[in-house]
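One-letter residues, chain by chain:
Protein chains: 2
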Amino acid sequence: MRDAANEERMASEITVGIDIGGTKIQAAAIAKGEVAGSGRVMTPDGGPKAVADAAAEAVDAALAEAGVSRDDVRAAGTGIPGSVDADAGTVANSPNLPGLEGAEPIPFAAMLTDALGGVTARIENDVRVAILGEWKRGAGKPFENLLGVWVGTGVGGGLVLRNELYEGTGPAGEIGHMIVKPGGRECSDGRKGHLESYAGRGRMEVTARELAEKGRKTILFELMEKKGRTRLSSGVFASALEKGDKLAKELVDEAVWALSIALASVQNLLALEAIVIGGGLGDRLGEPFVRRIDDAMQPLLFVPDAAPTLLNSTFGDLSGAVGAAVMVGG
Amino acid sequence: MRDAANEERMASEITVGIDIGGTKIQAAAIAKGEVAGSGRVMTPDGGPKAVADAAAEAVDAALAEAGVSRDDVRAAGTGIPGSVDADAGTVANSPNLPGLEGAEPIPFAAMLTDALGGVTARIENDVRVAILGEWKRGAGKPFENLLGVWVGTGVGGGLVLRNELYEGTGPAGEIGHMIVKPGGRECSDGRKGHLESYAGRGRMEVTARELAEKGRKTILFELMEKKGRTRLSSGVFASALEKGDKLAKELVDEAVWALSIALASVQNLLALEAIVIGGGLGDRLGEPFVRRIDDAMQPLLFVPDAAPTLLNSTFGDLSGAVGAAVMVGG
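Line by line, the protein sequences are chains L and F.
Letter by letter, the first sequence follows residues 3 to 332 in my numbering.
Letter by letter, the second sequence follows residues 3 to 332 in my numbering.
Worth flagging that the hints you see were computed from the coordinates, not collected in a lab.
Keep in mind that the hints are not guaranteed to be accurate.
It does not matter which identical chain is used: a pair holds within one copy or between any two.
List time: in silico DSSO-like cross-link candidates among lysine-lysine, alpha-carbon distance up to 30 Å [unchecked claim]:
1. Lys-194 x Lys-248
2. Lys-216 x Lys-228
3. Lys-245 x Lys-228
4. Lys-216 x Lys-245
5. Lys-251 x Lys-194
6. Lys-26 x Lys-245
7. Lys-26 x Lys-228
Turn these sequences into a full structure, and let the hints guide you.
Put into structure tokens, the structure is as follows:
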């Protein structure tokens with residue numbers, strides 16, 4: 003099938019999507035609206051140029067899987083956390099990316115274009131591209147009024163309202179910083195009682211460490227070491243849950259509780275059609291997690307008859323990469 | 003100034019707006035985008051036709067103040083609580099209007115057209131027309147992303163997003179039923195810990211009565227009787243607050259607290275430009291109330307630099323009537 007004519011035909015159709023996270027960088031090669039290949043590398047901590055080079059590596063892996071080369075790529079879209087000026091191609095305030103955490107905008111799109119050997123790269127906020135991926139190609143396809151919730155290290159959100167990505171006047175979609183329990187558990191931003199305080203993997207880990215130090219029994223840290231990790235990854239939480247660890251169960255129960263409150267409040271305000279739940283923890287805990295959130299949310303809805311459809315993300319941790327490709331026409 | 007030529011010129015410009023509430027019906031006559039006259043009658047409890055007749059009375063009062071007659075009216079818009087089908091001209095599920103509280107849609111627009119002697123009446127949900135009034139003619143004029151919060155007997159909300167009224171897929175804007183304290187005080191819908199549980203005048207009255215029965219000292223009920231009321235109206239709360247009543251202060255403090263939490267959560271999600279606060283209690287407590295909510299909200303914002311502008315409504319309890327007129331071109 004890899005004859006020259008076929009490759010030429012495919013070539014004009016290839017777009018690449020990149021999703022840059024604090025831990026890993028994912029890439030997807032999209033041909034005719036389908037994922038033809040994907041790649042993943044760990045995020046280096048050598049600054050923005052090193053990140054751009056690593057992203058190019060992930061892209062090469064995705065292209066290899068798709069059986070095409072860089073020359074075949076029409077455009078590259080990229081999702082990156084932080085304050086992104088898409089038109090200027092700059093990013094700032096990205097706390098988990100060394101060298102990009104400051105307030106000074108860094109011309110990351112240009113660095114990425116260089117690293118990709120001249121392929122024009124466009125950047126956008128990572129949460130915005132993730133909802134775009136699920137809306138245009140995944141679970142959110144049938145809907146005009148849609149919330150995407152990314153339950154990962156933090157908790158992010160993206161909104162499609164009246165069939166358009168909603169941007170507001172600033173960083174909209176910060177559902178992780180909605181207040182679910184005034185005066186409650188501390189969040190990553192130092193404020194209290196946020197959704198992310200209870201449902202963000204990062205804050206769940208902080209709580210687990212505190213409780214373990216106080217003598218709470220748990221196999222979470224043992225599992226972490228067995229897996230060769232230094233963090234309580236989503237996989238560690240999932241394994242501990244399967245093995246009946248009480249602390250893991252308690253923390254996931256609290257995440258379900260916090261999500262049900264925040265999502266019910268959003269639904270009562272916005273009367274959405276659907277809510278897609280993704281992110282590392284959302285994907286890893288999967289369908290049973292989403293069903294539990296749905297069940298907990300129902301009694302809190304003002305109009306139970308107009309409950310939103312709750313769905314798992316289609317692309318899992320590739321939502322961002324797929325959406326980034328969609329952004330540039332993939 | 004009331005010469006025939008002048009009246010004729012004005013005639014083609016007159017639209018009427020009606021706001022039907024559980025307690026009172028308000029009407030405004032709008033000429034060239036300005037309120038030329040207003041009228042108010044108490045809401046009768048004799049069923050939908052009696053309500054339509056009373057609305058016509060309020061309209062006549064507004065027209066008299068504007069110096070015009072029914073023949074001069076181009077169109078009449080009406081805001082009414084409940085599930086409104088604007089195109090069908092029907093209303094259902096309006097709990098505070100006797101005869102309209104059922105699930106059966108009542109052809110109220112036609113009844114109103116009859117009562118107005120043939121002037122075409124269009125109906126819409128009351129909260130939706132109120133935000134329309136403030137957005138098109140009042141405090142919300144400069145903004146494209148705007149929340150209106152109506153702090154009255156209940157707490158309602160209306161959203162303008164990207165320069166359009168936001169409707170969602172059902173009854174959007176139910177900000178009063180956002181959860182500010184899980185498991186907290188009971189709300190009008192029987193659920194717990196809603197914004198309305200703390201900031202709705204109706205629920206504040208329920209709490210005041212409970213605490214008074216338990217022996218809490220307060221002048222609220224004395225003031226109510228002096229004013230010849232059977233309910234703790236917004237005016238009663240305002241007077242008690244002025245006189246330093248501790249219970250009134252406590253209840254208003256809680257309303258401020260609950261509003262600050264809900265509004266911060268909405269802001270963190272939607273990145274709005276402005277929030278307009280109206281409704282009976284919002285208008286009566288006025289600027290100091292809005293400033294207190296603003297102050298309490300600031301520390302809860304995820305992006306304090308992008309704080310929304312908090313404003314009092316321009317038209318006070320006429321917002322709904324003005325918006326209803328705007329709906330039909332006024």
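Exercise. Would you pick out the hints that fail for this structure and give their numbers low to high?
Key: none
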